[in-house]
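Throw the hints in and build the complete structure from the sequences for me.
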Amino acid sequence: DAGVTQSPTHLIKTRGQQVTLRCSPKSGHDTVSWYQQALGQGPQFIFQYYEEEERQRGNFPDRFSGHQFPNYSSELNVNALLLGDSALYLCASSSRLSSSNEKLFFGSGTQLSVL
Amino acid sequence: GENVGLHLPTLSVQEGDNSIINCAYSNSASDYFIWYKQESGKGPQFIIDIRSNMDKRQGQRVTVLLNKTVKHLSLQIAATQPGDSAVYFCAEKIERGFKTIFGAGTRLFVKA
Numbered sequence: 001d002a003g004v005t006q007s008p009t010h011l012i013k014t015r016g017q018q019v020t021l022r023c024s025p026k027s028g029h030d031t032v033s034w035y036q037q038a039l040g041q042g043p044q045f046i047f048q049y050y051e052e053e054e055r056q057r058g059n060f061p062d063r064f065s066g067h068q069f070p071n072y073s074s075e076l077n078v079n080a081l082l083l084g085d086s087a088l089y090l091c092a093s094s095s096r097l098s099s100s101n102e103k104l105f106f107g108s109g110t111q112l113s114v115l
Numbered sequence: 116g117e118n119v120g121l122h123l124p125t126l127s128v129q130e131g132d133n134s135i136i137n138c139a140y141s142n143s144a145s146d147y148f149i150w151y152k153q154e155s156g157k158g159p160q161f162i163i164d165i166r167s168n169m170d171k172r173q174g175q176r177v178t179v180l181l182n183k184t185v186k187h188l189s190l191q192i193a194a195t196q197p198g199d200s201a202v203y204f205c206a207e208k209i210e211r212g213f214k215t216i217f218g219a220g221t222r223l224f225v226k227a
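Respectively, the protein sequence lines represent chains A and B. At position 10 of the first sequence the residue is numbered 10 (this note's numbering), and the sequence of numbers has no breaks. At position 58 of the second sequence the residue is numbered 173 (this note's numbering), and the sequence of numbers has no breaks.
Think of the hints as simulated: they come from the structure by calculation, not from any bench. Careful: at least some of the hints might be erroneous.
What the hints assert, rightly or not - With a straight-line Cα cutoff of 30 Å, these simulated DSS-like cross-link-like pairs (lysine-lysine) come out: (1) LYS13/A with LYS157/B; (2) LYS214/B with LYS171/B; (3) LYS157/B with LYS26/A; (4) LYS152/B with LYS103/A; (5) LYS103/A with LYS214/B; (6) LYS157/B with LYS171/B; (7) LYS171/B with LYS226/B; (8) LYS186/B with LYS103/A.
In structure tokens:
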């Protein structure tokens with residue numbers, strides 16, 4: 001049973017560029033949340049997707065956008081990259097139908113470096 | 116930013132001793148609390164959770180205590196092992212809500 005998979009594992013971009021990160025949820029999960037984790041800090045909620053819709057958004061600018069596909073996989077897009085966007089981007093999946101739907105299953109993340 | 120607060124950023128314990136990691140949360144509306152463990156190069160991994168109608172919950176070698184009066188959460192690890200070395204995050208959410216809020220983390224070092 002595959003867990004949450006994210007790609008790529010590492011990425012280097014320059015300021016002003018755009019980036020797309022990808023996530024496949026754990027088998028049987030239908031909900032995907034994205035988090036940004038700066039070095040030495042806890043994960044910060046970006047947004048959550050369910051039924052291909054953004055359900056809730058954290059305190060992130062519109063440069064951060066996302067998408068969920070019918071197969072529940074998801075993408076995170078960041079436009080006009082800033083140096084401060086350098087971080088580990090984590091995808092977490094969960095299932096709204098599960099009795100333990102509060103529990104998040106995380107991928108290993110994409111380490112984004114903006115130069 | 117949004118963060119569940121932690122009392123200690125690092126904790127060093129001797130192998131075999133018990134570890135206690137503390138956490139303060141700020142949202143009185145939160146009714147579901149979780150501890151996650153993050154090892155180097157990996158995403159956070161669920162350890163144990165507790166709902167607000169409980170004040171204690173035990174797992175395998177781990178116990179979570181919740182004190183709603185002072186909005187305090189703790190994780191106790193019995194007989195700490197080298198494999199327990201990691202960063203531990205407490206997290207909170209409103210049950211059936213969408214957002215889980217994470218604290219800043221405590222790094223646990225286990226000395227052999």
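To see whether the hints hold, each was checked on the structure:
1. Of the supplied pair hints, the one linking LYS13/A and LYS157/B holds, its CA atoms being roughly 22 Å apart against a limit of 30 Å.
2. Taking the CA atoms of LYS214/B and LYS171/B, the gap is near 23 Å; set against the 30 Å cutoff, the hint holds.
3. Distance check on the hinted pair: LYS157/B and LYS26/A sit about 15 Å apart at the alpha-carbon level, within 30 Å; holds.
4. As the CA atoms of LYS152/B and LYS103/A are separated by approximately 13 Å, the hinted pair is consistent with the 30 Å bound.
5. Restraint check for LYS103/A and LYS214/B: the C-alpha separation of about 11 Å stays at or below 30 Å, so the hint holds.
6. Taken as a hint, the LYS157/B and LYS171/B pair is honoured in the structure, with Cα atoms around 28 Å apart against an allowance of 30 Å.
7. With a C-alpha separation of about 28 Å, the suggested pair LYS171/B and LYS226/B falls inside the 30 Å cut-off, and the hint holds.
8. Only pairs whose Cα atoms come within 30 Å are accepted, and LYS186/B paired with LYS103/A is accepted, the gap being roughly 21 Å.
Checked against the numbered hints given earlier, this structure breaks none of them.
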